[in-house]
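Chains A and B, in that order, give the protein sequences. Residue numbers for the first sequence follow this note's numbering, beginning at 1410 and rising by one. Residue numbers for the second sequence follow this note's numbering, beginning at 1410 and rising by one.
Everything labelled a hint here was simulated from the structure, so no lab data went into it. Treat each hint with caution, since some may be false.
Treat identical chains as interchangeable: a pair holds within one or across any two.
[Claimed, not checked] Cut-off 20 Å, straight-line C-alpha distance, at most; resulting in silico cross-link-like pairs (EDC-like, lysine to aspartate or glutamate):
| # | residue 1 | residue 2 |
| --- | --- | --- |
| 1 | Lys1729 | Asp1496 |
| 2 | Lys1750 | Asp1692 |
| 3 | Lys1795 | Asp1782 |
| 4 | Lys1729 | Asp1502 |
| 5 | Lys1750 | Asp1783 |
| 6 | Lys1750 | Asp1436 |
| 7 | Lys1750 | Asp1665 |
| 8 | Lys1729 | Glu1818 |
| 9 | Lys1729 | Asp1692 |
| 10 | Lys1795 | Asp1783 |
All values derive from a computational prediction rather than experimental measurement.
Protein chains: 2
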Amino acid sequence: MNGSTALLTDHYELTMIQAALASGHADRPCVFEAFARRLPDGRRYGVVAGTGRILEALRDFRFGEDELAFLRERQVVDGRTLGWLADYRFSGDVWGYAEGEVYFPGSPLLVVESTFAEGVVLETLVLSILNHDSAVASAASRMTAAAGDRPCIEMGSRRTHEESAVAAARAAYIAGFGSTSNLEAGRRHGIPTAGTAAHSYTLLHDAERDAFANQLASLGPGTTLLVDTYDVSGAVEVAVELAGPRLGSVRLDSGDLVGQAHEVRAQLDRLGATGTRIVVTSDLDEHAIAALQAAPVDRYGVGTSVVTGSGHPAAGMVYKLVSRQGSAGVMEGVAKASKDKASVGGRKFALRRRRPDGVAQAEIIGIDERPQDDGDDRELLVRLIKRGQVVAPTDAPSAREHHAMARAELPSRALRLSHGDPAIPTTYLDDWS
Amino acid sequence: MNGSTALLTDHYELTMIQAALASGHADRPCVFEAFARRLPDGRRYGVVAGTGRILEALRDFRFGEDELAFLRERQVVDGRTLGWLADYRFSGDVWGYAEGEVYFPGSPLLVVESTFAEGVVLETLVLSILNHDSAVASAASRMTAAAGDRPCIEMGSRRTHEESAVAAARAAYIAGFGSTSNLEAGRRHGIPTAGTAAHSYTLLHDAERDAFANQLASLGPGTTLLVDTYDVSGAVEVAVELAGPRLGSVRLDSGDLVGQAHEVRAQLDRLGATGTRIVVTSDLDEHAIAALQAAPVDRYGVGTSVVTGSGHPAAGMVYKLVSRQGSAGVMEGVAKASKDKASVGGRKFALRRRRPDGVAQAEIIGIDERPQDDGDDRELLVRLIKRGQVVAPTDAPSAREHHAMARAELPSRALRLSHGDPAIPTTYLDDWS
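Chain A with its partners taken away, still in its complex shape (with noise of 0.2 Å):
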């Protein structure tokens, strides 16, 4: 992606820093925070991702001539807030979750401490990457965490927007997957990319055994064939008949899979094939993962559910003022009193509470103030920016390692997939203390 990243945002962040500007309200010492209110509905956790793009996207948030050409002929602001546009540069501090990081209801995900204006105008472009990337990321930690040591493969870039893909891919190796079928991820993330083999390939030759015959001679025997377009046991008689016992895998993508796999693993095994994995793709999500734990397969090729976050395809995350300096010249947690959205004002600080055994216990939430590490506890926001300068990891791999660490604190209990409430809880200090 090339260019700004500065229209990525609505249209009233931009108005309320034209009226912010007029009355003097602008630089007010600030803080905002991304969390979501809760998890979505049944989840035991959820997955921060997006933190690395969004430190990316910041520093090409920038209005160029081209951007404020389009604001002063659209009229969107007046020339003087144009004027402050032109010259933004982020240059607050950010905390946060480490990407990767699992988070429960009011976790403090992000902390921005800026101006009014420096912070209300990152809104929409901080809360659609988080919303997004975490929204996929939670899913596919559940979809990991039922495969086990089986490896799961993204291969959803056709169900979602061609730049989703992209980022779905690298929230889906976060959270545990092993490739992705997409390969401007493999390019720009550096996600190890993958592939099977196509139906329309099949098609294209006048007979099944053409087609396998002519993929295992041009992609050697390693490859995976694609069984299922006519008869399964037909065409995996044929695919062992051509490759030899050393065929890598093959691709079943439709039909009753737990039956199919275990037919397929037999008709292999007695065909000598007992090195031929078994790869399974027909709308995988977590449950049917689960479903085939116990059936021999090798490997998951998952699409649809990954990349729109198994049902729930927004993470629910909202960004909100929390605290403001007031004209007394002293910081004031602020809150709106909306009926059902109503917010916790103050700057939050968090801690995973952990036994001394390491097990998560709670999220120990301080408003306005750290809370005391009793010992095993672990510190979860890390700063992000300084002074408008990155200082975090915004790498892929970093954030899987991570992933990894998070959700191995976790209670047992925790990677259930029936509905459940969070699986630990979230403690505001007051309470706790």
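Given chain A, put chain B in place with the hints provided.
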């Protein structure tokens, strides 16, 4: 968006091309079609969107030095295939439903006539765009139908990937939304942009009264004041006191919208602000909009539900090889026999059968032959690309106009929000004639 779109592609498309090039099958004349096997659960019609974006993305579908270097380094395909990709230019023909058209199960939304290799490599990009944009437009059309003459504003940018947001704004506009909050959609696609006011802006001030006064001073009395930060009726009182009866709008973003709309309307009228409009924005979807039909509401701001397809974030379209030249040199229909995923082979043609009064009656699909126009029918496939050159409009306003026309032709049952069958049946020519 700058740069190449060529790597927005699944790994296996390229390995299939390698195998087809090696065996001499890559140049076989082929027909690929994009269609949906079914509508999302209970929907009565779908809306095709993304066609214009596909045509533009195809222009940038080039394997340049950067793309080739990545593929070489990762050893995705062999040298011969890299050479073929370097020269890639789509040189075939494409027909499709005009953007904004309504569709039904089996409607041939895109018909690609090219060699195997030229057509197969477009699968991922075509489906990403079509599945995303059509999911949004299909949901958005139900919302604008429920809203009637009241304008809908698309405000969901923060609930979806930052680039999906731009495409979603475009798709919603095609389906009848009047404007979007997304500035980049304004710049890139010419969609009108709109904004209201933010809670953070009110909270920035020591008092709500100061916030309103400053906003009015900077943005004028025609602005929209957000009245639910603390107490709605107190806020409305202050708003009219400060702005006078010429206050543009007030916005409600929480609580019981139906009840509040009635109360606020009565209060505004009592205060003499009879021309002040009421904008509502809290978690609206088509059902919430329908429930507000009798309430005194002037505008709907819709977020999460429109950009995530109101429960169906991917339209379920597939891209299948349906016909190819065999070794005998003639075109032959092909289809996989896979359990639960069978498709219909052969090149499709499509006609919307209409009664003499213009009301749509059936989707007539001809296989390898053009259905006969009964005199009142409408041809559905228009030529989009002729020998590699785009020959159809790609802009959103044309598609918006087409959608309004196509939806108006549907029988009235099509616009019911309750679960039901497709509004008109899909009939294959064999059965019809």
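Hints, verified against the model:
1. Lys1729 to Asp1496: neither (24 Å within a copy, 50 Å between copies)
2. Lys1750 to Asp1692: between (36 Å within a copy, 11 Å between copies)
3. Lys1795 to Asp1782: Neither. Shortest intra-copy (24 Å) and inter-copy (68 Å) distances fail the 20 Å Cα cut-off.
4. Lys1729 to Asp1502: within (16 Å within a copy, 50 Å between copies)
5. Lys1750 to Asp1783: The answer is neither: 33 Å in one copy and 56 Å across copies each exceed 20 Å.
6. Lys1750 to Asp1436: Neither: 27 Å inside a copy, 59 Å across copies.
7. Lys1750 to Asp1665: Answer is between: at 12 Å across copies they meet the 20 Å cutoff, but 45 Å inside does not.
8. Lys1729 to Glu1818: For lysine 1729 and glutamate 1818, neither the intra-copy (29 Å) nor the inter-copy (45 Å) Cα distance is at most 20 Å.
9. Lys1729 to Asp1692: Intra 37 Å, inter 17 Å, cutoff 20 Å: inter-copy only.
10. Lys1795 to Asp1783: Answer is neither: 28 Å inside a copy and 70 Å across each miss the 20 Å cutoff.
Hint check: violations occur at hints 1, 3, 5, 6, 8, 10; the rest are consistent with the structure.
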